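K.L.:
Listed below are the residues making up each chain.
2 protein chains.
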Amino acid sequence: MSVDKQKIISQFTKYLAEYVAIPSVSAQKKGIPETVAFLKELITSLGGQAEVFSDWPNPVIHGEFTPARVTAATPTILFYNHYDVQPPEPLELWNSEPFTLTEKDGLLVGRGTADCKGDLIARLCALTLYHEEHGDWPCRVKFLLEGEEEIASQHLENYLEKYADTFNADVMVWESGSKNAQEQLQITGGNKGICCIDLVATTAAEDIHSSTAAYIEGAGVRLVQALSTLRAVGTNELLIDGLAAKIVPPTDREKQLVAAESVDPAAIKAAHGLTRPFLTKDIAGAAAFSPTLNIAGLTGGYEGEGVKTVLPHTARAKLDIRLVPDLDPEEVAELVRQHLARHGFGDIKVEYLMGEKSYRSGLDAPLVTRITDVAQTVYGSDKVELLPSSAGTGPMYLFNHYLHAPLLAFGVGYAKSGPHAPNENIRISDFHQGIDFLTDIFADLAK
Amino acid sequence: MSVDKQKIISQFTKYLAEYVAIPSVSAQKKGIPETVAFLKELITSLGGQAEVFSDWPNPVIHGEFTPARVTAATPTILFYNHYDVQPPEPLELWNSEPFTLTEKDGLLVGRGTADCKGDLIARLCALTLYHEEHGDWPCRVKFLLEGEEEIASQHLENYLEKYADTFNADVMVWESGSKNAQEQLQITGGNKGICCIDLVATTAAEDIHSSTAAYIEGAGVRLVQALSTLRAVGTNELLIDGLAAKIVPPTDREKQLVAAESVDPAAIKAAHGLTRPFLTKDIAGAAAFSPTLNIAGLTGGYEGEGVKTVLPHTARAKLDIRLVPDLDPEEVAELVRQHLARHGFGDIKVEYLMGEKSYRSGLDAPLVTRITDVAQTVYGSDKVELLPSSAGTGPMYLFNHYLHAPLLAFGVGYAKSGPHAPNENIRISDFHQGIDFLTDIFADLAK
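These protein sequence lines are chains G and D, in that order.
Read in order, the letters of the first sequence are residues 1 to 447 in UniProt numbering.
Read in order, the letters of the second sequence are residues 1 to 447 in UniProt numbering.
Keep in mind the hints are simulated off the structure, nothing from the lab.
Note that this is a predicted model, so its numbers are computed, not measured.
By construction, the Cβ of each residue, glycine as well, lies at the ideal position given by its N, Cα and C atoms.
Be aware that a few hints might be false.
[Claimed, not checked] Derived EDC-like pairs: lysine to aspartate or glutamate, alpha-carbon spacing no greater than 20 Å straight-line:
{"id": "1", "chain 1": "D", "residue 1": "Lys-416", "chain 2": "G", "residue 2": "Asp-207"}
{"id": "2", "chain 1": "D", "residue 1": "Lys-269", "chain 2": "G", "residue 2": "Asp-207"}
{"id": "3", "chain 1": "D", "residue 1": "Lys-349", "chain 2": "D", "residue 2": "Glu-330"}
{"id": "4", "chain 1": "D", "residue 1": "Lys-416", "chain 2": "D", "residue 2": "Glu-175"}
{"id": "5", "chain 1": "D", "residue 1": "Lys-14", "chain 2": "D", "residue 2": "Glu-97"}
{"id": "6", "chain 1": "G", "residue 1": "Lys-29", "chain 2": "D", "residue 2": "Glu-305"}
{"id": "7", "chain 1": "G", "residue 1": "Lys-308", "chain 2": "D", "residue 2": "Glu-330"}
{"id": "8", "chain 1": "D", "residue 1": "Lys-40", "chain 2": "D", "residue 2": "Glu-64"}
{"id": "9", "chain 1": "G", "residue 1": "Lys-308", "chain 2": "D", "residue 2": "Asp-198"}
{"id": "10", "chain 1": "D", "residue 1": "Lys-269", "chain 2": "G", "residue 2": "Glu-206"}
{"id": "11", "chain 1": "G", "residue 1": "Lys-349", "chain 2": "D", "residue 2": "Glu-305"}
{"id": "12", "chain 1": "D", "residue 1": "Lys-383", "chain 2": "D", "residue 2": "Glu-261"}
{"id": "13", "chain 1": "D", "residue 1": "Lys-349", "chain 2": "G", "residue 2": "Glu-305"}
{"id": "14", "chain 1": "D", "residue 1": "Lys-416", "chain 2": "G", "residue 2": "Glu-206"}
{"id": "15", "chain 1": "G", "residue 1": "Lys-269", "chain 2": "D", "residue 2": "Asp-347"}
{"id": "16", "chain 1": "D", "residue 1": "Lys-308", "chain 2": "G", "residue 2": "Asp-198"}
{"id": "17", "chain 1": "G", "residue 1": "Lys-308", "chain 2": "D", "residue 2": "Asp-207"}
{"id": "18", "chain 1": "G", "residue 1": "Lys-30", "chain 2": "G", "residue 2": "Glu-150"}
{"id": "19", "chain 1": "G", "residue 1": "Lys-255", "chain 2": "G", "residue 2": "Glu-385"}
{"id": "20", "chain 1": "D", "residue 1": "Lys-308", "chain 2": "G", "residue 2": "Glu-150"}
{"id": "21", "chain 1": "G", "residue 1": "Lys-308", "chain 2": "D", "residue 2": "Glu-351"}
{"id": "22", "chain 1": "G", "residue 1": "Lys-416", "chain 2": "D", "residue 2": "Glu-206"}
{"id": "23", "chain 1": "D", "residue 1": "Lys-269", "chain 2": "G", "residue 2": "Asp-347"}
{"id": "24", "chain 1": "G", "residue 1": "Lys-416", "chain 2": "D", "residue 2": "Glu-303"}
{"id": "25", "chain 1": "G", "residue 1": "Lys-269", "chain 2": "D", "residue 2": "Glu-305"}
{"id": "26", "chain 1": "D", "residue 1": "Lys-416", "chain 2": "D", "residue 2": "Glu-89"}
{"id": "27", "chain 1": "D", "residue 1": "Lys-308", "chain 2": "G", "residue 2": "Glu-351"}
{"id": "28", "chain 1": "G", "residue 1": "Lys-269", "chain 2": "D", "residue 2": "Asp-207"}
{"id": "29", "chain 1": "D", "residue 1": "Lys-308", "chain 2": "G", "residue 2": "Glu-89"}
{"id": "30", "chain 1": "G", "residue 1": "Lys-349", "chain 2": "D", "residue 2": "Glu-303"}
{"id": "31", "chain 1": "D", "residue 1": "Lys-308", "chain 2": "G", "residue 2": "Glu-330"}
{"id": "32", "chain 1": "G", "residue 1": "Lys-162", "chain 2": "G", "residue 2": "Asp-55"}
{"id": "33", "chain 1": "D", "residue 1": "Lys-269", "chain 2": "D", "residue 2": "Asp-252"}
{"id": "34", "chain 1": "G", "residue 1": "Lys-308", "chain 2": "D", "residue 2": "Glu-150"}
{"id": "35", "chain 1": "D", "residue 1": "Lys-349", "chain 2": "G", "residue 2": "Glu-303"}
[Unchecked claim] Some chain G residues near chain D, calculated using beta-carbon distances under 10 Å:
{"id": "36", "residue": "Pro-33"}
{"id": "37", "residue": "His-209"}
{"id": "38", "residue": "Ser-211"}
{"id": "39", "residue": "Ile-216"}
{"id": "40", "residue": "Leu-227"}
Let the sequences and hints guide you as you build the complete structure.
P.N.:
Encoded structure:
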């Protein structure tokens, strides 16, 4: 590493320490204005332009680095990051101060290092390194920095809709990512959507003595019977009428990517102490392509110790249904409603809580393949895993919907980064390798 | 009413006031020794013998009144009562002091008036009236007074087993009872049993991110699917394998009694604000003869507001299964276990909490029919309702099992007595009519 490069990376590690030191916990409404001021100042000091949009809480920052010469062929890359972090609790499980960047055993430990303050700093560092070497920015580089990702990106859609022209791009890079347990850099081309609903059974105006169960229907039994019509037993098959017809099957390319994925069922089983068989033999395929129906919570009647012989008048199940293209969350809630009615459970109330659509891609858009090609050069051709969709949920769909550009996600984390957990960390070697990767991406985009 | 009779009833109303004034709340461990001392003194002062058994908490009192001449033909009647009462809470809903017997608008209000201090006092009063008129006791009259009825009669079986010879009888009268909404005196010949179990699904060692629901089985779904195999939809039919074969069908006599019962479905619906159809058209038949399966409680995963996308590793259902003859609670728990295993849910844990068997009768034992005949004379032939079993549960089976005598239940309450509720009360007219009924029973048994 050249002395200059070393100095610059060292400087950006200090920036990361300053950034981590601001406890920008959106769920606790902490540190938001300070973080916005810090980022605006940082982008400006690096030679970029920064503007802060405050139409809705929390503000969104638009950062932009424009090369001296822009032609019709100059591509625009947009980086999405969020500046808010998860609460640090439980504090007693941290081995160092959560908001003090701590270097130890080759790790950088602190809240937000992996999700996703480390990624933003790596991106800005690579950009600076490129500028240092070439005297200009590689292409048009934009940043969209939001402050509500950890509280469900409540106003992101408003911002994207209003500022679509500001943020438009040719390719978009997602907030963060990590290497997998096999030390491969994961690059994902999408994520699942979600439909969160509560199902509520109400069979009477009050709880009743349970001796009446001989002739009065209790809400517990009613809810259980309704729920059991929604999922097959022992598999991940959903039985919601009309759902399957709205699912876009994966392309051959997407299937090939997933088929190449390495999954270790025994390791998953051990990690969570699973006591039941997997719902499918094709774990990777299910994670990428299958909608899910999870009962996240059940509540009703007497939940204490021992016995209370009560016939509950109401009972509730909290469901999250992970969506694949082209399922729409509100449509899915309506399908559940219709399904229940058709199966004789029209009395079960379906309360829609929130949802978002899924975005999935084969990572085969031209600008995306240029980036994945660079990854294989930097990390090694067998050390990059391409996935059309993560099993989790995020607002990728919204970006694609409003900004019309392909997306990909990668970052500087690793399998044990523990985002959201105590002792969240990244490896210094991954941080440096990520900076190299980004610098090479910029070099490629400048061609 | 003769002056003497009036004076005696007035004296026993004072005894009731003294009895109610002792707050014998077993659940709160209050007033037990004072109540035992009061009852021992009362029985002795009336000319009976009283002994206190203290082998297990709380003590059981054996009271006995023996006529001067006892022959082989002299019948023995045993009255079962409990001296403990429900807690008075919520206090703010009482219109008078719970432990002060308050006479108002023809009512006697106070905790325990209906359940069942009023009944014991009425029984002792009638016995005294008989003795006053005839100079001797009508037959051998025994009392078994326990102090744990409101906390599931935890040691009653121990006492019955140990003191079976002491309490043996030819006919047994249950603690209390009431007139129904049609102002008929209800005489019941049994009650249902119960089997209380928890069903627990555990699919992992920890809660997991719900994106894994594509391939990992959550405890919520697992529990719901297991539960739904136990009951038919929309009826009260239980689907537990092997259960039906162990049920003793009602006799013709029992069916006739239930067929004569008057039930007002619209009134039941209105009273509880029911939103669903009844599970059966034969409400009276189901209440008397059908086993039930109630989900009294459901719990698992995230039960708060909004959304938490967690795959719960464990979930629990609290079940109470009401039993009819000859279902045994531990056998039923085992049947549920076997049923679940046979249906592929052998991983669901069945935790047995408590249970008791059912006792049912056609009220046609000779001494019982003598008493029900007296009832029809006192109350009117169309003002007595005979039921082979109540829908609720109690330890009648134990009495029959250890003491080998037929049972019947009746008392001085009415449809709005509200046992267990604030402002528990009996009507003075019912109290007096009940004393007349008991006096006539004694006269009949003395023949």
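K.L.:
Would you pick out the hints that fail for this structure and give their numbers low to high?
P.N.:
17, 24, 25, 33, 36
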